[in-house]
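Trainee: Which chain is which? The protein sequence lines are A and B, in order. When we follow the working numbering, the leftmost residue of the first sequence carries the number 1, and every step to the right adds one. When we follow the working numbering, the leftmost residue of the second sequence carries the number 1001, and every step to the right adds one.
Worth flagging that the hints you see were computed from the coordinates, not collected in a lab.
Partner residues aside, some chain A positions facing chain B, computed with beta carbon under 7 angstroms:
(1) Glu-17
(2) Glu-18
(3) Ile-19
(4) Ile-22
(5) His-26
(6) Leu-29
(7) His-111
(8) Leu-174
When the alpha-carbon atoms are kept at most 20 angstroms apart in a straight line, the in silico SDA-like pairs for lysine to any residue are as follows:
(9) B:Lys-1020 with A:Ile-19
(10) B:Lys-1117 with B:Glu-1058
(11) B:Lys-1020 with A:Ser-27
(12) A:Lys-168 with B:Asp-1086
(13) B:Lys-1104 with A:His-209
(14) A:Lys-151 with A:Arg-130
(15) B:Lys-1117 with A:Glu-30
(16) A:Lys-168 with B:Gln-1041
(17) A:Lys-151 with B:His-1112
(18) A:Lys-34 with B:His-1112
(19) A:Lys-168 with B:Gly-1087
(20) A:Lys-119 with B:Ser-1005
(21) B:Lys-1104 with A:Arg-177
(22) B:Lys-1104 with A:Thr-203
(23) B:Lys-1117 with A:Ile-22
(24) B:Lys-1120 with B:Arg-1022
(25) A:Lys-216 with A:Ala-189
(26) B:Lys-1120 with A:Ser-27
(27) B:Lys-1083 with A:His-171
(28) B:Lys-1117 with A:Glu-25
(29) A:Lys-168 with B:Tyr-1084
(30) A:Lys-168 with B:Thr-1037
(31) A:Lys-168 with B:Thr-1092
(32) B:Lys-1020 with A:Tyr-20
(33) B:Lys-1083 with A:Thr-203
(34) A:Lys-34 with B:Ser-1005
(35) B:Lys-1083 with A:Arg-167
(36) B:Lys-1083 with A:Thr-198
(37) B:Lys-1083 with A:Pro-206
(38) B:Lys-1120 with A:Glu-23
(39) A:Lys-168 with B:Leu-1089
(40) A:Lys-96 with A:Gly-77
Only a predicted model underlies this, so the values are computations on that prediction, with no experimental measurement involved. Backbone N, C-alpha and C define an ideal beta-carbon position, used for all residues, glycine too.
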Amino acid sequence: MSARAGLMIPTIEASPEEIYDIELEHSLLEANEKLARENRALLDRHGITAIDFMGAIGSGKTTLITRLVERLKDQIGIAVFNGDATTSDDADAIAKQNVPIVQIATVNGCHLDANLVGKALGKIELDDLRLICIENIGNLICPAEFPLGSKARVVVISVTEGPWMVRKHPHMFLGARIVVINKIDLAGAMGVSIEELTRDVHTLKPDIHVIPTSCKTGAGVDELAAALLAI
Amino acid sequence: MHEFSIAAAIVESVQGFAEKQRASRIIEVRLTIGEFTHIEQEQLRFCFEAITKDTVLEGAALEIESSDAAVRCPHCGYAGPPKYWDGALAATSVPTLQCPACGKAAEPAEGHECAIKTVKFAREDDSPVKETAA
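Given these sequences and hints, build the entire structure.
Mentor: Encoded structure:
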């Protein structure tokens, strides 16, 4: 071995920068959760129950809310917040009911958040209200992590979405108080079993109130209205 | 894609942190994501990479640790791991809120977090770089 082996010893150069590793423990959902708590406190002060309706595009959220408003508007003060990515089609359909309605456009967002709902709460007179139906964006994947300040969540699925909606999107159902299985008048044509969908929901959480409905025949809508008033 | 909102929240939070710490670049952000959340790691990485361009976070590694779910049962007092559902059409088995002991509805106890645990960053040293002997 030659003496040149000594040259193999690596030279350590001083780094021009120091490296630090610092614990942050910062919750990324906390900002939204804080605003959701503020929304909830404001609603509680006015004795208002807000319900967050979630479900896929075409599950029938808008029609279901319209039917609920028809049934309840003469009994209690009711308002609707309508989340829609770009259009006001949904809001227009409910507007015919002559109840306060706020369109919340998220532009490119795929979920409502507590900040948007807080702004909507600032746009209406809260004093005479008892119930606010918040129609979330048509999306079964996103809104679960973003509480709005509502007292309960209703997840709306329909038999036309096929037999696997609960198995495909289980996380969405874990936070639900009520699950509506809509369009049951089409269950036979679709070959979808309402009992199996119900069993899937209860596999995830046994105390979820499952209500089969049809906005066409009116089946189940009174039960849903009563369940919302009891929250 | 709520992963985009999460990625945006990471950038906002770490940018503020970097400014306070006089960080010149962020090397690594380590997250903890609970099993009960529905946050898709690959989508989050994709969003993170896209949204960190031209920021102090550009090129930073995103390390994701998942934290286990746990439930407690108000009916029988059970506390521990949840019952998993293998019948779900998901990539992994899904934690449920059915009590593994009595079968009634349990409550989530752990596994809901989505948080930045640590941030590794570099700070330019004020002292001049020493020349190493040739």
